[in-house]
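One-letter residues, chain by chain:
Protein chains: 2
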Amino acid sequence: MAPSNTSIKLVRNIPSGTPTLDDFRIESIETPTKDLLKPNQVLVRTLYLSCDPYFRGRLTGTRDSYVASFAPGKPIEGLGVGIVEASTSSKFNEGDLVTGGSFLWETRFVLSESEITKVPSNTGISPANYLGVLGMPSFTAYVGLVSLCSPKAGETILVSAASGAVGQMVVQLAKARGLRVIGAAGSDDKVDFVKSLGADVVFNYKTCGSLQETVKKAAPQGIDIYFDNVGGELLDVALSSMRFNGRIAACGMISQYNATPETAYRIKNLVNIVPKKVSIFGFIVTDYYGKPDYKNFIDEVSASLQQGKVQYKLDEVAGLENAPQALLDLFEGKNFGKRVVKVTDTNQRL
Amino acid sequence: MAPSNTSIKLVRNIPSGTPTLDDFRIESIETPTKDLLKPNQVLVRTLYLSCDPYFRGRLTGTRDSYVASFAPGKPIEGLGVGIVEASTSSKFNEGDLVTGGSFLWETRFVLSESEITKVPSNTGISPANYLGVLGMPSFTAYVGLVSLCSPKAGETILVSAASGAVGQMVVQLAKARGLRVIGAAGSDDKVDFVKSLGADVVFNYKTCGSLQETVKKAAPQGIDIYFDNVGGELLDVALSSMRFNGRIAACGMISQYNATPETAYRIKNLVNIVPKKVSIFGFIVTDYYGKPDYKNFIDEVSASLQQGKVQYKLDEVAGLENAPQALLDLFEGKNFGKRVVKVTDTNQRL
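So the sequences go chain by chain: E and S. Under the UniProt record's numbering, the first residue of the first sequence is numbered 1, with each subsequent residue one higher. Under the UniProt record's numbering, the first residue of the second sequence is numbered 1, with each subsequent residue one higher.
One or more hints might be untrue.
The list makes no distinction among identical chains, and a pair is therefore deemed to hold if it is satisfied within one copy or across any two copies.
[What the hints assert, rightly or not] The calculated lysine-lysine pairs, modelled on DSBU-like cross-linking and capped at a C-alpha distance of 30 Å, are:
hint	residue 1	residue 2
1	268	118
2	277	313
3	74	217
4	277	118
5	277	334
6	91	195
7	9	277
8	217	152
9	195	313
10	74	277
11	268	334
12	175	277
13	152	291
14	295	313
15	152	313
16	268	206
17	291	277
18	152	277
19	313	217
20	309	268
21	268	217
22	9	175
23	216	38
Hints were generated in silico from the structure; no laboratory data involved.
Could you build the full structure based on these sequences and the hints that come with them?
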């Protein structure tokens, strides 16, 4: 009897508004077996899957984005890390630890060799870290801050969602470069965590009162760099607070992803970018994997890890069946750090 | 008896709303004479003065900008071209044609040698051109389009205020680089003029109906570059129309300069810059005068002029006493091309 396999499928696209559990279906499906593999394919058992805010765009059903939308009746897919259980590829062997961006939200599935990358195993660190401190969100932090905003010692940076998957690395990369770091987070626990990373001022944006006054008090001289993960009102406040030659990394605008035309926040301070000579950079990290920035990132963060100079908070939810809720939580800020779903144990054999 | 001298002074600052003629005062003042010059100064007779949209910011009285605000009781000042009538500087002689950014709105005034630059005289072209085709607005077009947005042949550009001082040069620089050019202008005459510059599609934004539909029809595949001179609704439409890796030159937002907090347009499509990977560049041309971009601009446009390949529309108003109205007209789009005020004739001697 084939071991059990679970698949998380999308029921319907959600063009706007807030997704719910009813939009996902948990199915028991057949487990792929080795004899089904075509040439240059691998059978992967999932260890960890990544829940990311950009999934909201993939739920809409629109084609007008940088990644394909999820399709009704098909499994969710995204970043993951897993173990090769069978291979017809000369590049991968049984037992290899691999990562990639086309992991299905299934216990086991088949990918072609071009869709995965081998990562070091037996290093003593959890495979989940390949979705975290050495993964896509950290590299996103590096690209937005270092590659695009060219931070200089003594400058002031404001980081939104500063305890999140990307934000926590922005805070640490900025402190390592001698910047004054102001963080915004959505709970007192998150605030304490961001302070523990070395941020100079951190505020709870839900309880601080006026965002404008809070930012003004935290940065009386204004902001040189704003690393935006949230959009909406905080972006508007940042726009009004930028110093001459300021830079904004437009990494994400999660506060707006579930907005309808009626509830979308409308920006009033964009006009400030002309007299203040502010640049705003929309970017997608996948454009930078083949560039020197990637090696620079791996080198810097690996060294920091070995020296114990970098912290990274994972928010681990156990069980593939809990993955839909784990994703929905993101849109309400219920995660605390980079959210991953643990699907199976490294040493598990069925 | 000293020849007559006229000065246009500001009566009061105008923090928001629409300035009126009552905010300016025309005074007869004493004419500076050669014996008043300190070392390294020049006495300049004004030939032409430049009226520019950025003056709106200088009328507010706020210090929080890249150029000083005009002060009540003091003359307006800005770009101009004039003739040296007396000099204690070894760098300038009587009769030299000079330009600079600190020209007072007066018939004659004194500047230090560091505030002016000599330009070629006796070339047969009107000195007004140093405020136009070879002047600051053209260089602004060059910096925004070429230096910041890196245009590539085959791309599509939308240019707002396409018949204006900056826009008309953007259109021509873009066509010279093989782009498809869509222009927006505010009257049918302006539309015809922009077409005559070679733009592929030009629409009258006041009469075209839905801006969204108009831009969609003009650029069904979307826009690679938006050169923004106006802000407001057209910027919002452009934001919704950007293609992947689009670039926006945020040169000006004249539709918003007289806005009050109640009437300011609120942008709803900024969120699109993340999935579309759009960069937005606020910039001020004065940062680029010392850079290689300036020489590249002068070389390119001088050559185009000599080859008769560039057109540039000047909108000349005669008489310093008419300068306040000439400026106010800009805020209502009544100018047609780069607006300059003719103060005295080149050969005039008093």
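Each hint tested on the structure:
1. 268 x 118: Classified as neither; 47 Å inside a copy, 42 Å across copies.
2. 277 x 313: Answer is between; shortest inter-copy Cα gap is 27 Å, intra-copy 35 Å.
3. 74 x 217: For residue 74 and residue 217, neither the intra-copy (49 Å) nor the inter-copy (35 Å) Cα distance is at most 30 Å.
4. 277 x 118: between (43 Å within a copy, 28 Å between copies)
5. 277 x 334: between (36 Å within a copy, 27 Å between copies)
6. 91 x 195: Cα proximity of residue 91 and residue 195: none, with 44 Å in one copy and 59 Å across.
7. 9 x 277: Only across copies: residue 9 and residue 277 sit 29 Å apart there, 46 Å inside one copy, limit 30 Å.
8. 217 x 152: Intra 22 Å, inter 44 Å, cutoff 30 Å: intra-copy only.
9. 195 x 313: Answer is within: at 13 Å inside a copy they meet the 30 Å cutoff, but 58 Å across does not.
10. 74 x 277: The answer is between: 27 Å across copies meets 30 Å, while 46 Å in one copy does not.
11. 268 x 334: both (29 Å within a copy, 26 Å between copies)
12. 175 x 277: Classified as both; 25 Å inside a copy, 26 Å across copies.
13. 152 x 291: both (22 Å within a copy, 22 Å between copies)
14. 295 x 313: Classified as within; 23 Å inside a copy, 51 Å across copies.
15. 152 x 313: within (26 Å within a copy, 43 Å between copies)
16. 268 x 206: For residue 268 and residue 206, both the intra-copy (21 Å) and inter-copy (23 Å) Cα distances are at most 30 Å.
17. 291 x 277: both (28 Å within a copy, 17 Å between copies)
18. 152 x 277: both (17 Å within a copy, 24 Å between copies)
19. 313 x 217: Within one copy only: 28 Å inside a chain, 48 Å across chains, cut-off 30 Å.
20. 309 x 268: Answer is neither: 40 Å inside a copy and 40 Å across each miss the 30 Å cutoff.
21. 268 x 217: both (21 Å within a copy, 28 Å between copies)
22. 9 x 175: For residue 9 and residue 175, the Cα distance exceeds 30 Å both inside one copy (41 Å) and across copies (49 Å).
23. 216 x 38: neither (60 Å within a copy, 45 Å between copies)
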